[in-house]
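Peer 1: Mind docking chain B on chain A? Use the hints.
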Amino acid sequence: MPDDQTTTNQSPQDNLEDLKRRLDSAQDVHVDPSGKLVTQSGSDSGSKSTQKKTVIKPQRWFARMAE
Amino acid sequence: MQRTQLQPSRWHNQLWYQANPARLLMERKAVESRFPQFALVRDGEQLVWMGKLTTNRGEVYEIALYYPDDFPISPPRVFPIVPTITSWKNEAAGELKHQYADGALCLYDPKDRTFNQNSTAATVIAVAAAWLFAYETWLDSGEWPGLEAD
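In the order they appear, the protein sequences are chains A and B. Everything in the first sequence is counted per the numbering used here, starting at 43 for the first residue and increasing by one. Everything in the second sequence is counted per the numbering used here, starting at -9 for the first residue and increasing by one.
Chain A extracted, bound-state conformation (with noise of 0.2 Å):
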């Protein structure tokens, strides 16, 4: 689809919107010092708007033992 620069079925919103849906999904790479394209890892099932991660806070748990 964004290659084509003809007219398409699709209204340029719904066209713009089904992209944006794609693109939430889309996978993280980067480019190694070789000009490699490398698939960042932990990304597969990631999501670039919607990703949640669990952050652990390690000085609490101390924090409790001591008390």
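No lab work stands behind these hints, which were simulated from the structure alone. C-beta atoms are modelled at their ideal positions from N, C-alpha and C, and glycine is treated no differently. There may be inaccurate statements among the hints.
[Said to hold, decoys possible] As a list, the in silico DSBU-like pairs of lysine-lysine whose alpha-carbon atoms are at most 35 Å apart:
1) B/101 x B/87
2) A/62 x B/79
3) A/62 x B/19
4) B/19 x B/87
5) A/62 x B/42
6) A/78 x B/87
7) B/79 x A/78
8) A/62 x B/101
9) B/101 x B/19
10) B/101 x B/42
11) A/62 x A/78
12) B/19 x B/42
13) B/79 x B/101
14) B/79 x B/42
15) B/87 x B/42
16) B/42 x A/78
[Stated by the list, open to error] Now the stretches of chain A that chain B is said to cover, found in silico as 3 or more residues with beta-carbon under 8 Å:
17) 55 to 69
18) 73 to 79
Peer 2: Here is chain B on its own, set in the frame of chain A:
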């Protein structure tokens, strides 16, 4: 007379970034140095830079820059993702102002070949930023600043 259509990016069944890793590296360096807020993602086989631009008026736009299969012969294409902009010139007639029918921003006049094959995605992002400035000016004043192809 029949012409043979060549697809340079598919020579040896390789995509442009597989066939030309030096160019891919140049693209990465150019974007990361000028627009560090942009991230590289893959949509199918296509490479896409995604990131946010803030205009002088403080509005934030997220855009997606798609490399075409025949890059750098053809320039990358830029889509306004958040918000999804549709700059209607005549909505009833389905005519957009400086956008293609699929919503991609019209950044270059196709006739004047202003896109140079040495231009990187960083240059295209800068042109997209100028487009957003022009878009906001047009919303306010009804006038599109600069030259218009249509």
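Peer 1: Report the numbers of all earlier hints that the structure fails to satisfy, in ascending order.
Peer 2: Numbers 6 and 7, in rising order.
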